[in-house]
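Please work from the sequences and hints to get the whole structure.
Okay, here's what each chain looks like letter by letter:
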Amino acid sequence: MRMTDFVVREAIIPELSATTKEGVIREMVESLRAAGCFKGTDPEEIVRQVLKRESLGSTGIGRSVAIPHAKHGSVDRLVGTVALSKAGVAFDSLDGEPVHVFVLLNSPQDRPGDHLRALENVSRSLREDGFVRALRQQTTREGIWKLLEEADHSPT
Amino acid sequence: MESQTRQQTVIITNPEGLHMRLAMAFATLAASYQSEVSVALGPKQANGKSLLDLITLAAMPGSELKVMATGKDADEALAALVDLVGKWSEKVSGAKQP
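Chain order of the listed sequences is Y and P.
Residue -9 is where the first sequence starts when you use this note's numbering, and the numbers rise one by one after that.
Residue 1091 is where the second sequence starts when you use this note's numbering, and the numbers rise one by one after that.
Hints may be right or wrong, so weigh each one.
Below, in silico cross-link-like pairs of lysine to any residue (SDA-like), each with a Cα-Cα straight-line distance of 25 angstroms or less [as the list claims (entries may be wrong)]: (1) Lys1134/P <-> Glu110/Y; (2) Lys1177/P <-> Arg101/Y; (3) Lys29/Y <-> Met(-7)/Y; (4) Lys42/Y <-> Ala1115/P; (5) Lys1139/P <-> Gly103/Y; (6) Lys1177/P <-> Leu84/Y; (7) Lys1139/P <-> Gly52/Y; (8) Lys1177/P <-> Arg107/Y; (9) Lys1134/P <-> Val122/Y; (10) Lys1139/P <-> Ser48/Y; (11) Lys1139/P <-> Pro102/Y; (12) Lys1134/P <-> Met(-9)/Y; (13) Lys61/Y <-> Lys1177/P; (14) Lys1134/P <-> Glu139/Y; (15) Lys1139/P <-> Thr1099/P; (16) Lys1177/P <-> Gln99/Y; (17) Lys1134/P <-> Arg101/Y; (18) Lys42/Y <-> Met1114/P.
Hints in this document: simulated from the structure, not taken from any laboratory.
Dropping the structure here:
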């Protein structure tokens, strides 16, 4: 479950407009919807599930990174996207700092393996400071996608 | 008290495996102890105080994790962490809330 297997390239957001936690999640879900995801599903329901997960504990894991995610019964495959915020967004992170790099994951209800493997690959890259720094410097969808490809192919 | 090493195998029984919430609770609890904490899944090793390290284990339901604590408070650390994993299994079954 490499990042380029589930990140929807067309839904990548190089610079978020949103300035709040809920706004970021809405903008990322809307971007996935506009790219053709969530057919037959009310995207508002996806937003609700992600926010519900956030209410159980922030996915702002510190070091300017957040991995908001949710499972939904009507999602038939794992999809995700990446979004950046130059200004940073308050996300109730572990370290109290704003978040600049967001990776949203949306998984089918009944496939914990896919979800765990996707989280594994995302985490493997995000724990490298160099990767996060390089991501934060990107200003285009293509630049972000290229970094994800490089990360997927680099030996660990 | 002398530094000591303690280890125990725990089984992840909740149907979501070692997901982010459990990993975060584990890492936060482990960080509250002086001892070094490591978690192994087969050949894969993770720093038990690092959320991202734990998530990279991608431990599925049924995984056997070897939890090791090394330090002066290893006994307390290991007991607390094993208890935490157990409580999360009960939480999913509805028996208790941690």
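Status of each hint after checking the structure:
Taken as a hint, the Lys1134/P and Glu110/Y pair is honoured in the structure, with Cα atoms around 12 angstroms apart against an allowance of 25 angstroms. The hinted pair formed by Lys1177/P and Arg101/Y meets the criterion: a straight-line CA distance of about 23 angstroms does not exceed 25 angstroms. Taking the CA atoms of Lys29/Y and Met(-7)/Y, the gap is near 22 angstroms; set against the 25 angstroms cutoff, the hint holds. Of the pairs offered as hints, the one joining Lys42/Y and Ala1115/P holds, with about 18 angstroms between alpha carbons and a cut-off of 25 angstroms not exceeded.
For the hint pairing Lys1139/P with Gly103/Y, the CA-to-CA distance comes to about 23 angstroms; that is within 25 angstroms, so the pair holds. Taking the CA atoms of Lys1177/P and Leu84/Y, the gap is near 22 angstroms; set against the 25 angstroms cutoff, the hint holds. For the hint pairing Lys1139/P with Gly52/Y, the CA-to-CA distance comes to about 14 angstroms; that is within 25 angstroms, so the pair holds. Between the alpha carbons of Lys1177/P and Arg107/Y the distance comes to roughly 24 angstroms, so the proposed pair stays at or under 25 angstroms and holds.
Restraint check: the Cα-Cα separation between Lys1134/P and Val122/Y comes to about 23 angstroms, which is no more than 25 angstroms; the hinted pair holds. Taken as a hint, the Lys1139/P and Ser48/Y pair is honoured in the structure, with Cα atoms around 17 angstroms apart against an allowance of 25 angstroms. About 23 angstroms separates the Cα atoms of Lys1139/P and Pro102/Y, which keeps this hinted pair within 25 angstroms; it holds. A hinted pair counts as satisfied when its Cα atoms are at most 25 angstroms apart, and Lys1134/P with Met(-9)/Y qualifies at roughly 18 angstroms.
Proximity of Lys61/Y to Lys1177/P is assessed by CA-CA distance (about 22 angstroms); at most 25 angstroms being required, the pair is judged to hold. For the given pair, Lys1134/P sits about 24 angstroms from Glu139/Y by alpha-carbon distance, which is consistent with the 25 angstroms threshold. As the CA atoms of Lys1139/P and Thr1099/P are separated by approximately 17 angstroms, the hinted pair is consistent with the 25 angstroms bound. Using a Cα cut-off of 25 angstroms, the hinted pair Lys1177/P and Gln99/Y holds, with the two alpha carbons roughly 23 angstroms apart.
Between Lys1134/P and Arg101/Y the CA atoms are separated by roughly 22 angstroms; this keeps the pair inside 25 angstroms, and the hint holds. Distance restraint check for Lys42/Y and Met1114/P: the Cα-Cα separation of roughly 17 angstroms lies within the 25 angstroms cut-off, and the hinted pair is therefore satisfied.
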